[in-house]
Amino acid sequence: MSETSCVLHVWPSEWGLQSLDPTCLAAIMYMQLSVPGKFQVAESCDPDMSPNGHLPFLTYGHLVYASLPSIVSFVISLSKARTPGVKNIDASLSASQRSQSVAWWSHVEENLGDFVSHMFFGVDANFWGLTRPTLASLMPIPQRYYVPGRIRESYRRRLETCGLWCLPEAEQERKSPFAKTEKKRDDHVGTFTRAFEREKVMEKARAILDLYARLLDGKKFLFDAHPTSFDVYLAAHILLLANPPFPGSVLQTLLLEKYPSLVDHARRVQSEVERTPPYGHAPAPPKPSVLSLFSFRRSVSKEVKPSSPDDLRFRHMRWAWIALALGAAAYNIMQFSKSIVIVRIDEDEGDEDGDAYKEGTDIETEDEGQD
Amino acid sequence: MASALTLPAPLKKAFSLFPLQTYPPVSFAVRFPLVKPTLWIAPPRKSSTSLLSTDVECLKWQAFIAIRGLVDVAVRWDISPEGALGGRLPTLHVPNAGSEGLLLPAEDIPSWVDNQSTSGVDTLDGYKDERAKDESHAWVSLLEGVVHAALTLSGSTPSPFDTFIHWDGNKGRPFEALLNPPPAPLTGFNSFLPAFGANISLSALQPQYTEAISALSERLGEDTWFLGSANPTFLDALLFAYLHCILHSGDVTRLEVTRRTNLVAWERRVRTKVEAAFCVAPRR
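These protein sequence lines are chains A and B, in that order. Under full-length UniProt numbering, the first sequence has 354 at position 354, and the numbering climbs by one with no breaks. Under full-length UniProt numbering, the second sequence has 213 at position 213, and the numbering climbs by one with no breaks.
These are calculated hints, taken from the structure and not from any lab test. A virtual CB, placed ideally from N, CA and C, is assigned to each residue, including glycine. Zero decoy hints are in this set.
Residues of chain A placed beyond 10 Å of chain B at every Cβ, according to the derived structure:
id	residue
1	Ala91
2	Phe192
3	Arg206
4	Ser261
5	Ser307
With a cut-off of at most 30 Å between alpha-carbon atoms, the simulated DSS-like pairs for lysine-lysine come out as follows:
id	chain 1	residue 1	chain 2	residue 2
6	B	Lys133	A	Lys219
7	A	Lys219	A	Lys204
8	B	Lys128	A	Lys219
9	A	Lys204	B	Lys128
10	A	Lys87	A	Lys219
11	A	Lys220	B	Lys133
12	A	Lys219	A	Lys258
13	A	Lys220	A	Lys204
14	A	Lys38	A	Lys87
15	A	Lys87	A	Lys220
16	A	Lys204	B	Lys133
17	B	Lys128	A	Lys220
18	A	Lys200	B	Lys133
19	A	Lys258	B	Lys133
20	B	Lys128	A	Lys258
In silico contact screen, one side only, chain A against chain B (beta carbon under 10 Å); selected entries:
id	residue
21	Asp21
22	Pro22
23	Ser50
24	Asn111
25	Glu160
Please construct the entire structure, taking both the sequences and the accompanying hints into account.
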């Protein structure tokens, strides 16, 4: 498998981690463990390049694999075909463990994934204080103003269904010019709803994190002596909850203080990954930008193509056609304007250069004379 | 105060032209008199052969009631979802001594079933041990995530006329809330057009769905009940509901399940048990 042909497109790296999105981070770590040193990573801010509209996606020659489960099954198929340099990190699992791993993967995707989206997009303070500035700094000019908001909107329905959207506490933290008067009015009712909502989210988070802590149960890795794909997936989510500097960090403090076993597991996976050979960076595709639309002037002046006799003839005929068209148009206009001249009142013998007022009075006197 | 203000005489005469007439209350005949506990469900496929609902939510609660050992529960399907508690079917209508009956939303059905059965409170909810109970959460999220999304995508979309005239369907979770990460808009994130549609298709979900079904089949093995529980649990009811609906859905999703003989056999065995527990609500 040649190195240049396998490229993984992901969101760029941030906060000491290889990517700012949990699935992308998991994809990079998985590839580093399964295909060490034989793939490249292209950092991209354009999820529309992917077939399913989301990053990560993997291009292998002419083939494209979007979504992390497809990437994992592709790597497993490569390892089954005994491609050199590819190893299946799930190979040592029994069939029963593999089926449990599928179920737990789905659980992390649904539940812990919701908490990660809640921290990045659900809490107002975090979105306006961390996520949006980070995404905007990575994106080109027109996209940075509307794409982070669009991405946030796409998460809204899901987070609202789980009750993890925009907590009332976060809305109060935003400063407004009328902050003093507003606070005095809303404090009594607001405090209780805020505390209640926050407590509900904390309760949910505690239940989920307890589950994973019980599953880990003091072992080094979840199923085996070395990390499997599920270890990588869980670690990616935990790292993205632990590392970024969130302004509204209640969930982060809960994770770091009460669940050190999960954080240790994530760091262990990270150190395993760091032991593998580093990956290369593919040249990033040119960023789409509105300014590129306005470069047609530059491209015309740069045109120094060697012209063949056919090209010259074509150019001459084109100019001849334009000249003929303009000439015909001018002739028609003159004819039309001449016909206008003929229709004018011929009492004045066509005296166009005469004074208009005089002409008018002349016409009037002539008209009166006729009446 | 009232005596200080009196209605002037001309107004009184004017009002007397429009007297208030009170009619006696209309007694309406109850279509289905409440004799036994009645479950309001979405209509079954063919009521002559089977009383199992076409909707996964309703079927899951039907299965739960049946596998916990209750019998002689009536079903009716003439009530639209807007008439049920919380705007969603199923709802349980239980006869209550003295009043018209007690209406229970779907979330309260387990506690009612626990009251009916004679066994005591079970902290493990019928699972083998704590580990199995934790694992059941994972299987529930697998079923309600990828499998549910594949089932929704495989169903034929009704024509606009159908949705207008006929029964609209139980409004479950909106489509964008089914998967994580939520599907990207069809127009893309970067385009200047407002976001529209969802970039999701059954072929995109197919690998994950296949993996989920093979994991389910592997984990079930030859056990009587899922996860090796001695008695049926909520997870069994959920699994039965999804398997039954998939076996009556489009070809692509159905074939995945029919390839696994242990799933088909298990579904058939549980189906006979579930169907035996229900009867049609007696009409007046």
